[in-house]
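Here the protein sequences line up with chains S and C, keeping their order. Residues 1 to 112 in our numbering are what the first sequence lists, from first letter to last. Residues 1 to 113 in our numbering are what the second sequence lists, from first letter to last.
Warning: the hint list may mix true and false statements.
What the hints assert, rightly or not - In silico lysine-lysine, DSS-like type, Cα no more than 25 Å apart, as pairs: (1) S:K68 to S:K99; (2) S:K15 to S:K71; (3) S:K42 to S:K71; (4) S:K15 to S:K99; (5) C:K9 to S:K5; (6) S:K58 to S:K68; (7) S:K68 to S:K109; (8) S:K68 to S:K15; (9) C:K71 to C:K57; (10) S:K99 to C:K14; (11) C:K57 to S:K99; (12) C:K14 to S:K15; (13) C:K14 to C:K71; (14) S:K42 to S:K15; (15) C:K57 to S:K57.
To be verified - One side of the interface only, derived from the structure: several residues of chain C facing chain S at Cβ under 8 Å: (16) A2; (17) F10; (18) A24; (19) G40; (20) G42; (21) L43; (22) E52; (23) V60; (24) Y64; (25) L102; (26) G105; (27) E106; (28) L113.
As the list claims (entries may be wrong) - Covered stretches of chain S (chain C as the covering partner; in silico rule of three or more C-beta atoms under 8 Å from a C-beta of chain C): (29) 14-21; (30) 33-47.
Keep in mind the hints are simulated off the structure, nothing from the lab. Just so you know, even glycine gets a beta-carbon here, dropped at the ideal spot from N, CA and C.
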Amino acid sequence: QQQVKQSPQSLIVQKGGISIINCAYENTAFDYFPWYQQFPGKGPALLIAIRPDVSEKKEGRFTISFNKSAKQFSLHIMDSQPGDSATYFCAASMGGTYKYIFGTGTRLKVLA
Amino acid sequence: NAGVTQTPKFQVLKTGQSMTLQCAQDMNHNSMYWYRQDPGMGLRLIYYSASEGTTDKGEVPNGYNVSRLNKREFSLRLESAAPSQTSVYFCASSTTGTTGELFFGEGSRLTVL
């Protein structure tokens, strides 16, 4: 119930392509879904986040698509660049608690 | 602007030794967290502190203790280190509860032999 399942584990995309990372959750009490980006040797940093009252949120080349009925959300990176090569984590949390549940991560490599 | 600072960055311990990981934030955040990151496991919450003077267990608290020394500082102690505690540890802070953005430190890589 508390897990957030993330796929794929790794992803290789050509420069200019679209990168898609998927996450699924079970607990319908989750009400906040962020994505974090982590470069080697650094801590994760917030990339983009969404609440379940909207189905999509876009910030630049990054878009979150949210399907409440399917309990799934995904990150789309348009026009992927080599600088996007990093590990991406989805996460979920619920109001009134401080416990973010993270997915297992996706290592993205964008080929030049 | 330092953000979240963790020390040490690297540490090697022998089984049974103890050590404390230090974390300080200069963003006046109320909430602080300790996570561990292991390959294929993502980030798992060890302990968190919603506000100064409070601490609570996360997903994987066994073998760890924490102290919220003041609003800025939150330390993680391993009393008797075990090889299973070999990991990269991240401290984070946030302004509010679940909807607050987490600001992470750069991590502390711990190896227990």
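Checked hints:
1. S:K68 to S:K99: holds (21 Å)
2. S:K15 to S:K71: violated (30 Å)
3. S:K42 to S:K71: violated (30 Å)
4. S:K15 to S:K99: violated (36 Å)
5. C:K9 to S:K5: violated (30 Å)
6. S:K58 to S:K68: holds (17 Å)
7. S:K68 to S:K109: violated (29 Å)
8. S:K68 to S:K15: Violated, because 31 Å separates the two Cα atoms, which is more than 25 Å.
9. C:K71 to C:K57: Roughly 18 Å separates the two Cα atoms, so the pair holds.
10. S:K99 to C:K14: Between K99 of chain S and K14 of chain C the Cα gap is close to 31 Å, so the pair fails against 25 Å, i.e. violated.
11. C:K57 to S:K99: holds (10 Å)
12. C:K14 to S:K15: Since the Cα atoms of K14 of chain C and K15 of chain S sit roughly 45 Å apart, the hinted pair is violated (cutoff 25 Å).
13. C:K14 to C:K71: violated (32 Å)
14. S:K42 to S:K15: Answer holds: K42 of chain S to K15 of chain S is near 23 Å, not above 25 Å.
15. C:K57 to S:K57: violated (32 Å)
16. A2: With Cβ-Cβ at 13 Å, over 8 Å, it is violated.
17. F10: violated (11 Å)
18. A24: Because about 14 Å separates A24 of chain C from the closest Cβ in chain S, which is outside the 8 Å limit, the hint is violated.
19. G40: holds (6 Å)
20. G42: Hint on G42 of chain C: holds, closest Cβ of chain S at ~4 Å, below 8 Å.
21. L43: holds (4 Å)
22. E52: violated (14 Å)
23. V60: violated (12 Å)
24. Y64: Since the shortest Cβ distance to chain S is 16 Å, the answer is violated.
25. L102: Holds - the Cβ of L102 of chain C comes within 8 Å of chain S, reaching about 7 Å at its closest.
26. G105: holds (5 Å)
27. E106: holds (5 Å)
28. L113: violated (22 Å)
29. 14-21: violated (count 0)
30. 33-47: holds (count 8)
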